[in-house]
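Trainee: Chain by chain, the residues:
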Amino acid sequence: MSPDSPIFKTATELSADLTAGKISSVELTRAMIERVETVDEKVHAFLHLDQEDALAQAKASDERRSKGECLSPLDGIPVGLKDVISVKDQPLTAASKILENYRSPYDATVTVKLKEAGAVVAGRLNLDEFAMGSSTENSAYGPTRNPWDLERVPGGSSGGSSAAVAAREVPLSLGSDTGGSIRQPASLCGVVGMKPTYGMVSRYGLAAFASSLDQIGPFSTTVEDAALLLETISGHDPLDSTSFPKDIPSYSGELKNPAQPGVIGLPKEFFGPGMDDEVRAKVDQTIEHYRSLGYQTKEVSLPSTDLSIPVYYVIATAEASSNLARYDGIRYTSRSERAQNAIDVYAKSRGEGFGSEVKRRCLLGAYGLSSGYYDAYYLRAQKARTLIRQDFERVFKEVDAVLTPTAPTPAFKFGEKSEDPISMYLSDIYTISTNLAGLPGISVPCGFTQSGLPVGMQLIGQAFEESKLLNIAHAYDRDHLYGRQAPNL
Amino acid sequence: MSEDAPMDIDYVANLARIELSDEEKTTYQRQLGDVLKYFEKLQELEVDGVEPTAHAFPRHNVWDKDESKQGFSATEALKNAPQSRQDQVVVPKVIEE
Numbered sequence: 001m002s003p004d005s006p007i008f009k010t011a012t013e014l015s016a017d018l019t020a021g022k023i024s025s026v027e028l029t030r031a032m033i034e035r036v037e038t039v040d041e042k043v044h045a046f047l048h049l050d051q052e053d054a055l056a057q058a059k060a061s062d063e064r065r066s067k068g069e070c071l072s073p074l075d076g077i078p079v080g081l082k083d084v085i086s087v088k089d090q091p092l093t094a095a096s097k098i099l100e101n102y103r104s105p106y107d108a109t110v111t112v113k114l115k116e117a118g119a120v121v122a123g124r125l126n127l128d129e130f131a132m133g134s135s136t137e138n139s140a141y142g143p144t145r146n147p148w149d150l151e152r153v154p155g156g157s158s159g160g161s162s163a164a165v166a167a168r169e170v171p172l173s174l175g176s177d178t179g180g181s182i183r184q185p186a187s188l189c190g191v192v193g194m195k196p197t198y199g200m201v202s203r204y205g206l207a208a209f210a211s212s213l214d215q216i217g218p219f220s221t222t223v224e225d226a227a228l229l230l231e232t233i234s235g236h237d238p239l240d241s242t243s244f245p246k247d248i249p250s251y252s253g254e255l256k257n258p259a260q261p262g263v264i265g266l267p268k269e270f271f272g273p274g275m276d277d278e279v280r281a282k283v284d285q286t287i288e289h290y291r292s293l294g295y296q297t298k299e300v301s302l303p304s305t306d307l308s309i310p311v312y313y314v315i316a317t318a319e320a321s322s323n324l325a326r327y328d329g330i331r332y333t334s335r336s337e338r339a340q341n342a343i344d345v346y347a348k349s350r351g352e353g354f355g356s357e358v359k360r361r362c363l364l365g366a367y368g369l370s371s372g373y374y375d376a377y378y379l380r381a382q383k384a385r386t387l388i389r390q391d392f393e394r395v396f397k398e399v400d401a402v403l404t405p406t407a408p409t410p411a412f413k414f415g416e417k418s419e420d421p422i423s424m425y426l427s428d429i430y431t432i433s434t435n436l437a438g439l440p441g442i443s444v445p446c447g448f449t450q451s452g453l454p455v456g457m458q459l460i461g462q463a464f465e466e467s468k469l470l471n472i473a474h475a476y477d478r479d480h481l482y483g484r485q486a487p488n489l
Numbered sequence: 001m002s003e004d005a006p007m008d009i010d011y012v013a014n015l016a017r018i019e020l021s022d023e024e025k026t027t028y029q030r031q032l033g034d035v036l037k038y039f040e041k042l043q044e045l046e047v048d049g050v051e052p053t054a055h056a057f058p059r060h061n062v063w064d065k066d067e068s069k070q071g072f073s074a075t076e077a078l079k080n081a082p083q084s085r086q087d088q089v090v091v092p093k094v095i096e097e
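Chain order of the listed sequences is A and B. Numbering follows this note's numbering, with no gaps: position 435 of the first sequence is 435. Numbering follows this note's numbering, with no gaps: position 37 of the second sequence is 37.
It is possible that some hints are incorrect.
Capping the alpha-carbon separation at 27 Å, the derived lysine-lysine pairs in DSSO-like fashion look like this [stated by the list, open to error]:
hint	chain 1	residue 1	chain 2	residue 2
1	B	79	A	88
2	A	115	B	69
3	A	97	A	413
4	B	79	B	69
5	B	79	A	115
6	B	25	A	97
7	A	88	B	69
8	A	115	B	65
9	B	37	A	383
10	B	65	A	268
11	B	65	A	246
12	A	246	B	79
13	A	115	A	88
14	A	97	B	79
15	A	383	A	268
16	A	97	A	22
Covered by chain B, according to a simulated footprint, are these stretches of chain A (three or more residues, beta-carbon under 8 Å) [claimed, not checked]:
hint	stretch
17	112-123
18	339-349
Honestly, the hints are just simulated from the structure, not real lab data. Note that the Cβ used here is the ideal one computed from N, Cα and C, for glycine as well.
Could you build all of it, start to finish, from the sequences and the hints given here?
Mentor: Here you go:
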């Protein structure tokens with residue numbers, strides 16, 4: 001593949017090329033389809049790609065442009081979606097057998113926003129079943145491979161979304177993040193991934209996992225592109241009662257006016273044992289870079305950090321066990337042929353249709369909510385969640401952002417953690433508290449290990465201060481652009 | 001939960017309405033036992049007087065305008081149902097003899 005190919009360009013560059021008439025959306029979409037045909041056999045980021053539909057959207061974009069109409073900077077640019085985000089008449093499997101033949105009857109709000117911006121909504125991207133996992137090994141349709149090393153996982157749960165961008169199959173994609181499911185795979189695949197503040201992006205049309213934690217967010221190769229995609233999908237939505245009424249500035253525009261360097265907090269609890277040495281070295285270099293830019297750094301304390309994994313798994317599984325009750329063998333696609341009575345329809349359809357991690361979490365969630373255990377687990381976890389939230393509130397009185405590694409290790413090998421739920425759960429240790437506190441977080445590539453695996457750093461911002469967070473992330477990213485390095489495939 | 005009172009896997013599977021094979025029961029019993037042990041640090045936590053957080057930024061009384069909107073037709077709504085007939089979902093008999 002020629003290095004001049006459009007697939008190696010950022011969305012921002014492609015947008016300029018489309019405006020200048022150097023390329024058409026149909027040409028760009030064809031190049032993307034060819035790339036998927038060439039590399040996806042190895043990577044398996046895509047569960048489905050409706051080429052005809054993608055090309056029809058591209059053609060419509062070119063026709064608009066020829067009439068002097070351009071809907072937004074994303075007009076004509078392909079965006080892939082994690083297979084939990086509804087697109088009318090397209091499949092939505094959530095990487096589960098139970099939704100094998102499901103077709104969405106309506107568009108998610110983010111899909112509507114992308115279509116209104118003229119983006120080419122193309123491709124259903126792989127994930128851990130119902131977004132439960134950290135490696136994309138839990139997909140009922142086979143795992144996605146890390147484009148930097150095909151023997152290793154891409155992270156998860158949005159592993160298809162991160163791998164598709166890393167493999168240059170799409171310039172942009174969307175994922176969902178409940179405990180790190182955007183940031184951790186972004187880190188493991190060497191791309192940018194962002195979880196916005198809870199309530200910034202509508203969850204309408206997202207297959208729910210844990211409703212009080214889930215947020216949709218962007219993947220891209222640069223922070224600049226993430227800002228562009230985020231401003232397109234954000235905003236209040238009456239169809240999501242947890243959506244927050246806030247004015248959305250032009251995040252990409254605000255990057256052009258960099259803020260004065262501020263204060264970056266380094267939480268001591270995040271820099272303890274368990275972190276890989278090469279990850280630590282890259283994060284240390286990142287901190288040095290911020291100092292060289294004039295940022296002050298300050299050690300801070302988030303004392304409730306060690307509670308975050310148990311609190312998260314009690315709350316997320318409780319919400320999941322309740323949310324996934326809808327997959328009952330009655331309304332959605334698959335029903336067990338062995339079902340003789342009403343209870344059978346539920347139990348047998350779910351027994352056959354769910355994979356092992358989904359079963360594990362539904363069982364754990366049902367247990368935590370059950371009579372006699374509710375106070376000990378669920379209520380106690382919600383109280384501990386308050387302590388985690390208050391830790392951040394305290395820290396943000398002193399700092400503008402908190403910097404941590406995104407994940408404790410670079411991409412791990414297939415099978416390495418899949419038999420041990422706790423070791424898999426621990427790979428989200430640095431990302432989970434952000435969801436519990438509802439805060440925005442972004443993973444930015446910060447270099448490679450000696451064996452060539454990407455490493456990511458995470459910046460956590462104040463609630464609804466996406467602009468500030470992106471600005472701080474961009475200050476580092478524009479000087480390095482590690483996400484622009486593409487793997488050999 | 002500790003080892004002397006293991007999770008009653010049959011009871012929980014019934015609550016979750018998930019049929020499990022014997023092999024799955026053995027595996028989950030062990031794995032979830034480990035997970036619950038890991039959760040024990042929650043029990044040691046001092047939470048007296050702490051308000052629970054259900055949502056990071058709760059919003060209350062979110063109302064939509066009281067006006068009718070076009071919903072799905074029966075055909076559209078039933079398109080994903082495994083069995084349907086005469087604009088209705090078909091299920092096994094629910095009422096016992």
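Trainee: Hint by hint, say whether it matches the structure.
Mentor: Do the hints match the structure? See the list:
Between residue 79 of chain B and residue 88 of chain A the alpha-carbon distance is near 13 Å, which keeps this suggested pair within the 27 Å criterion. Restraint check for residue 115 of chain A and residue 69 of chain B: satisfied, since their Cα atoms lie roughly 22 Å apart, inside the 27 Å limit. For the proposed pair residue 97 of chain A and residue 413 of chain A, the alpha carbon gap of about 25 Å is at most 27 Å, so the pair holds. Of the pairs offered as hints, the one joining residue 79 of chain B and residue 69 of chain B holds, with about 20 Å between alpha carbons and a cut-off of 27 Å not exceeded.
At most 27 Å may separate the alpha-carbon atoms for a hinted pair to count; residue 79 of chain B and residue 115 of chain A meet this at roughly 24 Å. The hinted pair formed by residue 25 of chain B and residue 97 of chain A meets the criterion: a straight-line CA distance of about 21 Å does not exceed 27 Å. With a C-alpha separation of about 18 Å, the suggested pairing of residue 88 of chain A with residue 69 of chain B holds against the 27 Å cut-off. With a CA separation close to 26 Å, the supplied pair residue 115 of chain A and residue 65 of chain B stays within the 27 Å bound.
Restraint check for residue 37 of chain B and residue 383 of chain A: the C-alpha separation of about 19 Å stays at or below 27 Å, so the hint holds. A distance of roughly 48 Å separates the Cα atoms of residue 65 of chain B and residue 268 of chain A; the hinted pair therefore is violated under the 27 Å criterion. Straight-line distance between C-alpha atoms of residue 65 of chain B and residue 246 of chain A comes to about 20 Å, which keeps the hinted pair within the 27 Å bound. Note on residue 246 of chain A and residue 79 of chain B: the hinted pairing is violated, with a Cα-Cα distance of about 36 Å set against a maximum of 27 Å.
Note on residue 115 of chain A and residue 88 of chain A: the hinted pairing holds, with a Cα-Cα distance of about 11 Å set against a maximum of 27 Å. Among the hinted pairs, residue 97 of chain A with residue 79 of chain B is consistent with the structure: their alpha-carbon atoms are about 17 Å apart, no more than 27 Å. Taking the CA atoms of residue 383 of chain A and residue 268 of chain A, the gap is about 23 Å. The hint holds against a cut of 27 Å. Restraint check for residue 97 of chain A and residue 22 of chain A: not satisfied, since their Cα atoms lie roughly 43 Å apart, outside the 27 Å limit.
Taking a C-beta to C-beta cut-off of 8 Å, the stretch 112-123 of chain A contributes 0 residues in contact with chain B, too few for the three needed, and the coverage statement is violated. Counting residues of the stretch 339-349 of chain A whose beta carbon lies closer than 8 Å to any beta carbon of chain B gives 10, which reaches the threshold of three, so the coverage claim holds.
Violation of the numbered hints given earlier is confined to hints 10, 12, 16 and 17; the remaining hints are satisfied by the structure.
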